[in-house]
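S.K.: This is what each chain is made of:
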Amino acid sequence: MSVLTRLGTRMKTALAGAAALALTGCIDIKATFFIDQAGMLGIEGDVKLQPELDDVMQAVEAMFALDPEGRKFAGEGLCKFLEKTAATDPGGQRLEIKTRGFKAGNRPACSLSMKFGPAQEILENIARELANLKEKVGLELAYEGTRRYRLTLDFGALHDADLRRMREGIIELLNNVRIPGVPTAPIQPAAVDRAMRKYQPMIIAMLKMGARGGEGDRIDLGVRVPRIIATNMRQDGNTARVAMSYAELIALEQNVEIKRQHVYSVVFEF
Amino acid sequence: MLSRRVSARLRFIGAILPATLGLSACIDLEAGLAVRQDGATSIEATVRLDPEMQDVFGFAEAVAQIRPEIAVFTRNGLCPALEFAAALNPEMKMNVRAKQGVENERLFCAFDIEADTVDNILRNISPDAPITQIGILKVTQPGARRVRVDVDLGAIPDFTPDLAKELARGALRGLGSATDAPDPAALEKFARLGKTASVSMTKLVLRDRTLKLTISAPKIVETNGVTSGQKVTFSWPWTEVVDMAMQPQKRTGRRYFVVIEY
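Chains as they are written, first to last, in our numbering: chain A, 1 to 270; chain B, 271 to 532.
Heads up, a few of these hints could be off.
Stated by the list, open to error - Residues on chain B that point at chain A, a partial pick, calculated with CB under 10 Å:
#1 317
#2 322
#3 329
#4 420
#5 436
#6 465
#7 472
#8 474
#9 505
#10 507
#11 523
Because the hints were derived from the structure by calculation, they are not lab data. In this text, a Cβ means the ideal position worked out from N, Cα and C, and glycines have one as well.
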């Protein structure tokens, strides 16, 4: 059962609200997936939002407080609202969500940690599902021995998977356009190729617009495990990290050949 | 049959265009009324988008080119597709002209819709029309072929309490709440914070972009707007537009007028 299906409606609404906020404007994210000494898999991290979202977060919390049930959890910021809501939800209780709202300069920020469950069971499931996929999606998790896994993030494969999905999406969209009385000609692959040549410039344009004013913000992802066997990521003790600013991400999108060279992996034991 | 065929095409174009425009966020909008020498009028609107939107439109147009029957409508760009759409829609009686291009590196969509004559417009804005009764809009004819338009934004009634109630009801439904009548104190707080949030959100999404309303005519006799040749412009940053909309006191004293001759 996925994490989201275990959660209650209000909990999912709060998470969806937080996600919607995060989509607006640039965000600085530092997230670390961890396996603790008890063998539990979780995620912890900080999210810093745009200063303008401070007002919006207060309004969203006030919106939740319109509901008499929601009002019980309001008053300490949207970040804490999420934790308090989770504490009353059976699914949320299992996740052991802890949050802390704070200010990073003039930016509203939230620290969050949650535990998904026993790492052994979850990693086995993820590794099996990823292995069963017909095509690479850019993320691989391979079993390499007792309680040992190799996690790979392959930017080139991510790129190819994105192109493949978009191509399939276009064909599906256009196949669904039916004009009564007009025979539908089969879609010519060459015509789709021509359109797909314009896809990457669009992605770059969208990234530039989305990141405007926050090009220095970073996406920083890490893995903290009891033991790192090998990694080509930046290693600090038992944590391996890969980080990139939005400006670097845009530069990478502008040069796909260099993007393909970004393959990060970590072999770990727990 | 024709209208069904057209409507299928329009649905596709209609789906692409707003989605594409919606992604742009940073827009300048200039909209206005143009009065010609013969008293005929047209509504003109120009939307200016970020330079990057050229690539976003480029992809959407390339996708539209894949199917020949859709490509016919989008061969001059996504915006001119609306011109075809209007021309082929038997229910749409207006003549729409659309243009798409690049100016100062920014993509623009310009629309020109033929409207009624000045005389017919004046007949429709009678002294007993609600907008006139409230005092928002006053149109008078101080002389032959001369029209004075007065707009008082301060006369717009405060709609925010009703808006807050409506939004609150929608939010409660969305949250699956057992009640649809929020506590008055909670509603007051939601309404107050919602006003501030809407301005902040506008600042974040639309940044420093503006809304311009214009009137052009053979002769601008008098105005408190900015005149350039035969055009008068009233301009506000989007943040000010939202601030004025959400806070009645910000609209107080906002009176604009123009006297034109045609």
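S.K.: Given residue 317 of chain B as an interface hint, is its Cβ closer than 10 Å to any Cβ of chain A?
M.R.: violated, 15 Å
S.K.: Can we keep the residue 474 of chain B interface hint, with Cβ of chain A closer than 10 Å?
M.R.: Interface hint status for residue 474 of chain B: holds (4 Å vs cutoff 10 Å).
S.K.: Hey, does the residue 436 of chain B contact hint survive, CB to chain A under 10 Å?
M.R.: violated, 12 Å
S.K.: Going by Cβ atoms only, is residue 465 of chain B closer than 10 Å to chain A?
M.R.: holds, 9 Å
S.K.: Holds or violated: is there a CB of chain A closer than 10 Å to the CB of residue 420 of chain B?
M.R.: violated, 35 Å
S.K.: Do the numbers back the hint for residue 329 of chain B, that is, is its least Cβ distance to chain A under 10 Å?
M.R.: Where the cut-off is 10 Å and the nearest Cβ of chain A is about 4 Å from residue 329 of chain B, the hint holds.
S.K.: Regarding the hint that residue 322 of chain B lies at the interface with chain A, is the smallest CB-CB distance below 10 Å?
M.R.: Result: holds, 4 Å to nearest chain A Cβ.
S.K.: Identify whether the interface hint at residue 505 of chain B stands, where standing means a beta carbon of chain A within less than 10 Å of its own.
M.R.: This interface hint is violated because 22 Å lies over the 10 Å limit.
S.K.: Is the interface hint for residue 472 of chain B satisfied, with its Cβ closer than 10 Å to some Cβ of chain A?
M.R.: holds, 9 Å
S.K.: Was the hint right that residue 507 of chain B lines chain A, CB cutoff 10 Å?
M.R.: violated, 14 Å
S.K.: Quick check on residue 523 of chain B please, does its C-beta sit within 10 Å of some C-beta on chain A?
M.R.: violated, 26 Å
In summary, the numbered hints that this structure violates are 1, 4, 5, 9, 10 and 11.
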